[in-house]
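Those protein sequence lines, which keep their order, are chains A and B.
All the letters of the first sequence, read from the start, carry residue numbers 2 to 113 under the numbering used here.
All the letters of the second sequence, read from the start, carry residue numbers 38 to 151 under the numbering used here.
Calculated directly from the structure, the hints in this document are not laboratory data.
Predicted model, so just to flag it, every value in this text is computed and none were measured.
So the derived label-pair ranges between C-beta atoms look like this:
id, chain 1, residue 1, chain 2, residue 2, range
1, B, S103, A, T80, 39 to 47 angstroms
2, B, K115, A, M11, 37 to 45 angstroms
3, B, Q117, A, H20, 45 to 53 angstroms
Pairs of lysine to any residue, SDA-like flavour, derived with a Cα cap of 25 angstroms:
id, chain 1, residue 1, chain 2, residue 2
4, A, K4, B, V126
5, A, K100, B, N108
6, B, K115, A, Y102
7, A, K100, B, N88
8, A, K100, B, I92
9, B, K115, B, G53
10, A, K4, B, T75
11, A, K100, B, A109
12, B, K115, B, M52
13, B, K61, B, S44
14, A, K4, A, R69
15, B, K105, B, A39
16, A, K100, A, S62
17, B, K115, B, G79
18, A, K108, A, R82
19, B, K61, A, E46
By construction, the Cβ of each residue, glycine as well, lies at the ideal position given by its N, Cα and C atoms.
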Amino acid sequence: DAKTTQPNSMESNEEEPVHLPCNHSTISGTDYIHWYRQLPSQGPEYVIHGLTSNVNNRMASLAIAEDRKSSTLILHRATLRDAAVYYCILRAPIYNFNKFYFGSGTKLNVKP
Amino acid sequence: DAGVIQSPRHEVTEMGQEVTLRCKPISGHDYLFWYRQTMMRGLELLIYFNNNVPIDDSGMPEDRFSAKMPNASFSTLKIQPSEPRDSAVYFCASSSGQGGGEQYFGPGTRLTVT
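All chains, full assembly: derive it from the sequences and hints.
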């Protein structure tokens, strides 16, 4: 199973942009890149996903490197409510495509 | 929609007792997942179902754990007998086979086995 590597923790100031990196050098050509986050004492929450092109939604943007070996989740203006653990996950579109492997994620701390 | 519903939210039991955790997925979703989260091991997939049929149970730790999905709106995860090392937060999630396969998680059941 393809793995991802994320920094253990990051810190940001409120109302500033945050760039959360993820390395996935062994990604296959058909793996989707998913991001989830887990707020304290809650279940994980879907944030965004993409395959090759950059993606935007109301929560965040996903920038995918041209070689797809890395990606970056961008929170345009961090709020205190964005303090959470962010997980970068690869999803294979074939056999067992619904099987997600959550690593240790990046714990984001947002300072007021 | 009410989202994924789990019960109970908290469970405290003694070693050796049977524990049953319950999950109601989002209506219309045809995939259901059971995860376990601990500080040491993080979030682990235990088992998942598609159209009520278990597809992959390779994450189930041992025979003391069993999961069923008798219909599209209900699933159980049972531990018998329970042990202190089973203490964890257990999450249920559901997803649709359509779209991007986003999984929607319930609030979790915090299990403490003394």
